[in-house]
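> The listed protein sequences derive, respectively, from chains A and B.
Counting from 1, one number per residue, gives the positions in the first sequence under the numbering used here.
Counting from 1, one number per residue, gives the positions in the second sequence under the numbering used here.
Because the hints were derived from the structure by calculation, they are not lab data.
Treat each hint with caution, since some may be false.
In silico SDA-like links for lysine to any residue, alpha-carbon gap of 25 Å or less [what the hints assert, rightly or not]:
1) A:K28 to B:G6
2) A:K28 to B:A39
3) A:K26 to B:E57
4) B:K26 to A:E27
5) A:K23 to B:A72
6) B:K26 to A:N32
7) B:K23 to A:L22
8) A:K23 to B:K28
9) B:K28 to A:F79
10) A:K23 to B:F81
11) A:K26 to B:R82
12) B:K23 to A:I4
Protein chains: 2
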Amino acid sequence: METIIGITAGIFTSISMVPQLLKVLKEKDVENLSPYMIAILLTGVSLWVVYGFMLHEWPIILSNLFSVLVNATLLVCYFLFREQ
Amino acid sequence: METIIGITAGIFTSISMVPQLLKVLKEKDVENLSPYMIAILLTGVSLWVVYGFMLHEWPIILSNLFSVLVNATLLVCYFLFREQ
Numbered sequence: 001m002e003t004i005i006g007i008t009a010g011i012f013t014s015i016s017m018v019p020q021l022l023k024v025l026k027e028k029d030v031e032n033l034s035p036y037m038i039a040i041l042l043t044g045v046s047l048w049v050v051y052g053f054m055l056h057e058w059p060i061i062l063s064n065l066f067s068v069l070v071n072a073t074l075l076v077c078y079f080l081f082r083e084q
Numbered sequence: 001m002e003t004i005i006g007i008t009a010g011i012f013t014s015i016s017m018v019p020q021l022l023k024v025l026k027e028k029d030v031e032n033l034s035p036y037m038i039a040i041l042l043t044g045v046s047l048w049v050v051y052g053f054m055l056h057e058w059p060i061i062l063s064n065l066f067s068v069l070v071n072a073t074l075l076v077c078y079f080l081f082r083e084q
């Protein structure tokens, strides 16, 4: 039961940035997004990947590697689409 | 060493939404924010709190309870400040 709750929680937190990324890709506008939020989150999920490798825990590695990908893309979009 | 990396990762991912919330509170504008992102993240961190209680793991409970608070406030702000 804990495992099901844990896996569901992990899936939700991992995919949460996907709708934000899709919205940014569609609207090409990032004015109200905080670049600090994206940068801190990217640092955090990258450290989770390192942690996962240290413990050889594939669920931690894979879910956070997915988040790294989404947040890195979001950060690139931020710098592409921000007002000059 | 793993513990230090894990705690640092947890701190980064937990506090990442704080600059976003401060930006929203300051600018009172949420046009480029995805409400799905906030709602999915809020569901995810709430489930992590449940998971933490099941395992009696206080670091999981406390860090995610903090995220619940930040994201719930962000969601309230979203509905307060969105364009009518």
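> Which hint numbers doesn't this structure obey?
Result: hints 1, 3 and 12 break, sorted rising.
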